[in-house]
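Asks: Each chain, letter by letter, is given below.
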Amino acid sequence: MNVIKAIQLYIDKMIEEAGPGMKILLMDRETTSIISMAHSQTDMLQKEVYLFERIDSGRSNERLKYLKCIVFIRPTRDNIIRLSNELKSPKYGSYFIYFSNIIPRTEIKALAECDESESVREVKEMYADYLCINSSLFSLNIPTCLHSLNWQQEALERTVSGIIGVLLSLKIRPTIRYKNGSQPAQNLAKRVFDTINKESSLFSFKPPENGVPPPLLLILDRRDDPITALLTQWTYQAMVHQLLTIKNNRVDLSNVVGVPNELKEVVLSAEQDDFYSKNLFSNFGEIAVTIRDLIESFQKRAKEQKKIETIADMKNFVESYPQFKKMSGTVNKHLVVISELSMQISKKSLLEMSELEQDMACRADHSAQLQRVKKLITEERISIEDALRLILIYAMRYERHANCGTVGLLNALKARNGRTHLVPKMLEYISQSARNELFNTTKIDAVKLTRNLIKGLKGVENVYTQHVCVLKDLLEEILKGRSIDQQYPFISSEVPYRRPPTEIIVFIIGGATYEEAFAVHQLNQMGYRIILGGTTIHNSESFLEEVITATNGAPFKHSRSLQAFHNASNA
Amino acid sequence: MFSDDNSDIMEGFICPICKSDQKKLESLLQHFEDKHSEEKDLVQTFRDVFKIAKKKILNLDESQLSKTFDSTLKPNKSFNQLEFVEDNQDIGLVKDHIEYFTAIRNPRLERFATETNKLIIRLNKLLTNRPQDPQQIKLHEQNLVPWIDGKLVKLCPSCAKSFFLTRRQHHCRICGSVMCNECSNFLSIDDSFSIINPSYEKSKPNSSEEIILKEPEDSIRLCSHCLHLLENRKQMQDSRSVRPPIYNLYEKLEKIKKDVAPDLIMYEKIITSLYDGNSVYTLADAGALRGKIGHSAEILDDLSKKILGQKCAKGSREEALQKSIRLAAIKFIKENMLTLPPIPLEEEIKKIQQKRITEFNQKIERDRRLAQEAFERYDLSGNAGFPATSRTTGSAMTSVDNWSGYQQQTNTCDPLVEQINIIKGYIKQARDAMRFEEIATLEQNLSELQHEYWLRSQQKE
Numbered sequence: 253m254n255v256i257k258a259i260q261l262y263i264d265k266m267i268e269e270a271g272p273g274m275k276i277l278l279m280d281r282e283t284t285s286i287i288s289m290a291h292s293q294t295d296m297l298q299k300e301v302y303l304f305e306r307i308d309s310g311r312s313n314e315r316l317k318y319l320k321c322i323v324f325i326r327p328t329r330d331n332i333i334r335l336s337n338e339l340k341s342p343k344y345g346s347y348f349i350y351f352s353n354i355i356p357r358t359e360i361k362a363l364a365e366c367d368e369s370e371s372v373r374e375v376k377e378m379y380a381d382y383l384c385i386n387s388s389l390f391s392l393n394i395p396t397c398l399h400s401l402n403w404q405q406e407a408l409e410r411t412v413s414g415i416i417g418v419l420l421s422l423k424i425r426p427t428i429r430y431k432n433g434s435q436p437a438q439n440l441a442k443r444v445f446d447t448i449n450k451e452s453s454l455f456s457f458k459p460p461e462n463g464v465p466p467p468l469l470l471i472l473d474r475r476d477d478p479i480t481a482l483l484t485q486w487t488y489q490a491m492v493h494q495l496l497t498i499k500n501n502r503v504d505l506s507n508v509v510g511v512p513n514e515l516k517e518v519v520l521s522a523e524q525d526d527f528y529s530k531n532l533f534s535n536f537g538e539i540a541v542t543i544r545d546l547i548e549s550f551q552k553r554a555k556e557q558k559k560i561e562t563i564a565d566m567k568n569f570v571e572s573y574p575q576f577k578k579m580s581g582t583v584n585k586h587l588v589v590i591s592e593l594s595m596q597i598s599k600k601s602l603l604e605m606s607e608l609e610q611d612m613a614c615r616a617d618h619s620a621q622l623q624r625v626k627k628l629i630t631e632e633r634i635s636i637e638d639a640l641r642l643i644l645i646y647a648m649r650y651e652r653h654a655n656c657g658t659v660g661l662l663n664a665l666k667a668r669n670g671r672t673h674l675v676p677k678m679l680e681y682i683s684q685s686a687r688n689e690l691f692n693t694t695k696i697d698a699v700k701l702t703r704n705l706i707k708g709l710k711g712v713e714n715v716y717t718q719h720v721c722v723l724k725d726l727l728e729e730i731l732k733g734r735s736i737d738q739q740y741p742f743i744s745s746e747v748p749y750r751r752p753p754t755e756i757i758v759f760i761i762g763g764a765t766y767e768e769a770f771a772v773h774q775l776n777q778m779g780y781r782i783i784l785g786g787t788t789i790h791n792s793e794s795f796l797e798e799v800i801t802a803t804n805g806a807p808f809k810h811s812r813s814l815q816a817f818h819n820a821s822n823a
Numbered sequence: 006m007f008s009d010d011n012s013d014i015m016e017g018f019i020c021p022i023c024k025s026d027q028k029k030l031e032s033l034l035q036h037f038e039d040k041h042s043e044e045k046d047l048v049q050t051f052r053d054v055f056k057i058a059k060k061k062i063l064n065l066d067e068s069q070l071s072k073t074f075d076s077t078l079k080p081n082k083s084f085n086q087l088e089f090v091e092d093n094q095d096i097g098l099v100k101d102h103i104e105y106f107t108a109i110r111n112p113r114l115e116r117f118a119t120e121t122n123k124l125i126i127r128l129n130k131l132l133t134n135r136p137q138d139p140q141q142i143k144l145h146e147q148n149l150v151p152w153i154d155g156k157l158v159k160l161c162p163s164c165a166k167s168f169f170l171t172r173r174q175h176h177c178r179i180c181g182s183v184m185c186n187e188c189s190n191f192l193s194i195d196d197s198f199s200i201i202n203p204s205y206e207k208s209k210p211n212s213s214e215e216i217i218l219k220e221p222e223d224s225i226r227l228c229s230h231c232l233h234l235l236e237n238r239k240q241m242q243d244s245r246s247v248r249p250p251i252y253n254l255y256e257k258l259e260k261i262k263k264d265v266a267p268d269l270i271m272y273e274k275i276i277t278s279l280y281d282g283n284s285v286y287t288l289a290d291a292g293a294l295r296g297k298i299g300h301s302a303e304i305l306d307d308l309s310k311k312i313l314g315q316k317c318a319k320g321s322r323e324e325a326l327q328k329s330i331r332l333a334a335i336k337f338i339k340e341n342m343l344t345l346p347p348i349p350l351e352e353e354i355k356k357i358q359q360k361r362i363t364e365f366n367q368k369i370e371r372d373r374r375l376a377q378e379a380f381e382r383y384d385l386s387g388n389a390g391f392p393a394t395s396r397t398t399g400s401a402m403t404s405v406d407n408w409s410g411y412q413q414q415t416n417t418c419d420p421l422v423e424q425i426n427i428i429k430g431y432i433k434q435a436r437d438a439m440r441f442e443e444i445a446t447l448e449q450n451l452s453e454l455q456h457e458y459w460l461r462s463q464q465k466e
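Residue numbers (the working numbering), protein chains in the order written: chain A, 253 to 823; chain B, 6 to 466.
Do not rely on the hints blindly, as some may be mistaken.
With a straight-line Cα cutoff of 30 Å, these simulated DSBU-like cross-link-like pairs (lysine-lysine) come out [unchecked claim]:
#, chain 1, residue 1, chain 2, residue 2
1, B, Lys355, A, Lys343
2, B, Lys262, A, Lys299
3, A, Lys499, A, Lys361
4, A, Lys343, B, Lys311
5, B, Lys339, A, Lys361
6, B, Lys319, B, Lys260
7, B, Lys123, A, Lys516
8, B, Lys297, A, Lys265
9, B, Lys429, B, Lys297
10, A, Lys317, B, Lys336
11, A, Lys299, B, Lys257
12, B, Lys429, A, Lys317
13, A, Lys376, A, Lys317
14, B, Lys263, A, Lys299
15, A, Lys299, B, Lys297
16, A, Lys265, B, Lys328
17, A, Lys299, B, Lys310
18, B, Lys297, A, Lys343
19, B, Lys100, A, Lys265
20, A, Lys340, B, Lys319
21, B, Lys339, B, Lys319
22, A, Lys343, B, Lys262
23, B, Lys339, B, Lys274
24, B, Lys328, A, Lys499
25, B, Lys262, B, Lys130
26, A, Lys265, A, Lys516
27, A, Lys516, B, Lys239
28, B, Lys262, A, Lys516
29, A, Lys317, B, Lys123
Coverage of chain B stretches by chain A, computed from C-beta distances (three or more under 8 Å per stretch; other residues unrestricted) [said to hold, decoys possible]:
#, stretch
30, 101-107
31, 312-324
Honestly, the hints are just simulated from the structure, not real lab data. From a predicted model like this one, the values you see are computed outputs, not experimental measurements. Each residue gets a CB set at the ideal place from its N, CA and C atoms; glycine is no exception.
Turn these sequences into a full structure, and let the hints steer you where they fit.
Replies: Printed below as a string of structure tokens:
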């Protein structure tokens, strides 16, 4: 179960079927990103794919009949119409057509009627309909998926086909569980379940051997764990996303001072970049040491090897040069990224921030924490976004505390012109179960208490990474075989298996985070087979956007006491 | 070959062909051009290597860093292992629609094809014995294709406007249907000829037919439906027959890429075998193959440059295509051809081989001693000497040197010896033709034969 591999196998197959010769790849907006996540452009060049074209943007009328055209598009109405027009007056010699998802037969018929010059060679469905980020992490690139706390129709359709794509590309027919009480999760589970039954000919995989439980598709809701998306991150990939924002494996560095031109935008791909893939989940301390060692030996060697005297030296140099160039490019790139991260950490006092965040997320100590938040949010060195994050965490954590000081904090933020309206929005966004379980300070949960006690006895390894996301706890429960039927029921009447499933696909409505990807990665290293996906991958900034759209149109129920801050205009 | 003093510098300036020492880079190149001008490509590769080396060194005075990177990066491998050990993942589900697609498409195409064929036959008739006088042309046309009675048609079928004095009826010369002037299309006689006869060359000004065709209005009026069918046919013909120069160049390029792939593998094999101290391949083999690969790299470079130089409009897709191909070729050369491991130095190889021989001899010595001890223990010494062992040593020595010692015995008429000589001949031929796979098998045969020969001579004694 490796989603990058799954997409690559599909792409390689398409190229292989087109055979030798010069090729062009015709894509739409989404499939362009899908392919770029799995293969670099230079990879494609080596496979004789020399040109790339978008079917949905201004196209030239140039005819290049000696080219073979590989078409890889989503089966949307618009795309079919565009492709029909292309086939009526074909620009290329032959066409190999691949749809990224299930396409109705009527559309095939319409296309066949347009192929008057007999140039179509293949028509297939290949379910590469999602963006692979890490080997066990995928995204659907839907920035916001809810409105008025329910699905936006378009987002729901895209999500259903995305999940169907993941299942078919990994040849999995799962049982489906969803988070009880979440309407979006239930809707999605139902839709996926219906599609699987409707397309039962596609999902006719060999059933698991006797006694082996079927794979599990677990549908969750971001609203149950809003904290994880707000915390300062300390593993490499998560940090880069939090502080610099990763978009389709690309990081925009044009705002960084003193960056050379060729590094204005860098590609961070676990597939193409060894250093990155080895250090995805390293924490910042480790990675700083790694890169420092690398540079030290680099400099030492450079001094030693300055003289090239014999021809043998020269030859050796020439022969190792391309490799050297590639390697030094990579190191250079990461050096720039890491130094920018480290600059931001000290500029924004993120260590201090993180300590308080983690403390609030893991330990209840109201009055001391309130004092610290109060102090920090007024200080200039704490950025206004970070101040807002602190208040958000505090407001969720102590929503029902008798001496809740949210209003006071919001007034302080308002004085700094912060986006105060986000706090009531967030309180409307979080789910009932987050309220009851995550932030409950009054009711005492016996299991959690003992667990916390044990944790307390062991001592905290790292102050900045003590928080554990809800997903990790949940997965551990499932893998231990504990019953989760109450909170995460099956969508259909399934016979519950005694043994825990060995393969799990988790999907989070409202976006996953890199912290959760790390949790999944840790479990996978222990030998489990888990894949995580989300409508998107959030950092705190994009998560707040999601919260605003999701609560648009929803009435204020939980935050009446914060009425003064309901509107954005008064900021 | 080597003088003893400062031999370490001279190593690098040995002419690979005649092995003479040339002290300096310039004089070596000079020597090369003077004495071995027939090996042009080798000279070229030689030069290229120096050129690149010089360039790189001038630009950047750090070297051999990649090894440092490798070594510093490698320890990390264990510390952040790959996620779950990858099972051989199969490709995901694929659903094929081509059967249904062709089931819809092909009958339609056949219908079009018969219709188009009909049109082409008519067109052919219209063009044969075409009179010159316009009035006669009309008669000729009407004779061949029955025109629809204009009275039956009140409106133009394609634009639905009514006919009257200024919007007159016209007939499609191929199917005979009615349309207005605005909806008419025209096919030039020249084009018509190329449709009915794909091998038809556009007429030259001095050709005999030109007299008839020169009239500017001389073209065939036809409806859009017929035009569409005919154009479709013409395009299909064109796309099948047209092979622009870039296409041919590209085919050559790919062929060389394909041909060089086994050479690259072979080269690495030879180098490893040399370092292992095997005598199957010689240093000269490695050098020759390296030269061949270098030559291919040059051709690749040249071809891709030619592709880049093809004429095309600025900013066009064609231009982008040419650039991409060139880029891919450069990358291929850089990654596969410039990174070849260097040829080991002759001394080094000799040392390795010497070491093997000594080890071998030591082993034999040890065995002999053990045997001797055993003999002494059982008081059998003096019964038989050990001629065999000394002989083994000898043959092992010569085996490293391609068994040259046995060449002296060529005039005996032993069939085995003859066989051995034949195989030696084959090896020489294979080496000349750079068929290195063959050399390996032949060498194997040779050593088996020689072993057999040795056993037999042993028995005779």
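Asks: According to a criterion of three or more residues whose C-beta lies within less than 8 Å of a C-beta of chain A, is the stretch 312-324 of chain B covered?
Replies: holds (count 3)
Asks: Please verify whether lysine 339(B) and lysine 361(A) have alpha carbons no more than 30 Å apart.
Replies: violated, 47 Å
Asks: Assess, step by step, whether the Cα of lysine 297(B) is no farther than 30 Å from the Cα of lysine 343(A), and give holds or violated.
Replies: violated, 40 Å
Asks: Straight-line Cα separation of lysine 355(B) and lysine 343(A) no greater than 30 Å?
Replies: violated, 62 Å
Asks: Going straight from one Cα to the other, do lysine 429(B) and lysine 297(B) come out at no more than 30 Å?
Replies: Judged against 30 Å, a Cα distance of about 24 Å means the pair holds.
Asks: When you check the alpha-carbon spacing of lysine 299(A) and lysine 257(B), does it fall within 30 Å?
Replies: Holds. Lysine 299(A) to lysine 257(B) sits at ~16 Å (cutoff 30 Å).
Asks: Next pair to validate is lysine 262(B) with lysine 130(B); report whether the Cα-Cα distance is within 30 Å.
Replies: Violated, at about 50 Å.
Asks: Are the Cα positions of lysine 123(B) and lysine 516(A) separated by 30 Å at most?
Replies: violated, 62 Å
Asks: Measure nothing beyond the straight line between the CA atoms of lysine 265(A) and lysine 516(A); if it is 30 Å or shorter, mark the hint as holding.
Replies: violated, 34 Å
Asks: Keeping to a limit of 30 Å between CA atoms, is the pair of lysine 262(B) and lysine 299(A) held or broken?
Replies: holds, 12 Å
Asks: Check whether three or more residues of the stretch 101-107 of chain B sit with their beta carbon closer than 8 Å to a beta carbon of chain A.
Replies: Holds: 6 residues of the stretch 101-107 of chain B have a Cβ under 8 Å from chain A.
Asks: Within 30 Å, alpha carbon to alpha carbon, are lysine 317(A) and lysine 336(B)?
Replies: Holds, because 26 Å separates the two Cα atoms, which is no more than 30 Å.
When the structure is compared with the earlier hints, violations turn up for hints 1, 3, 5, 7, 8, 12, 18, 25, 26, 27, 28 and for no others.
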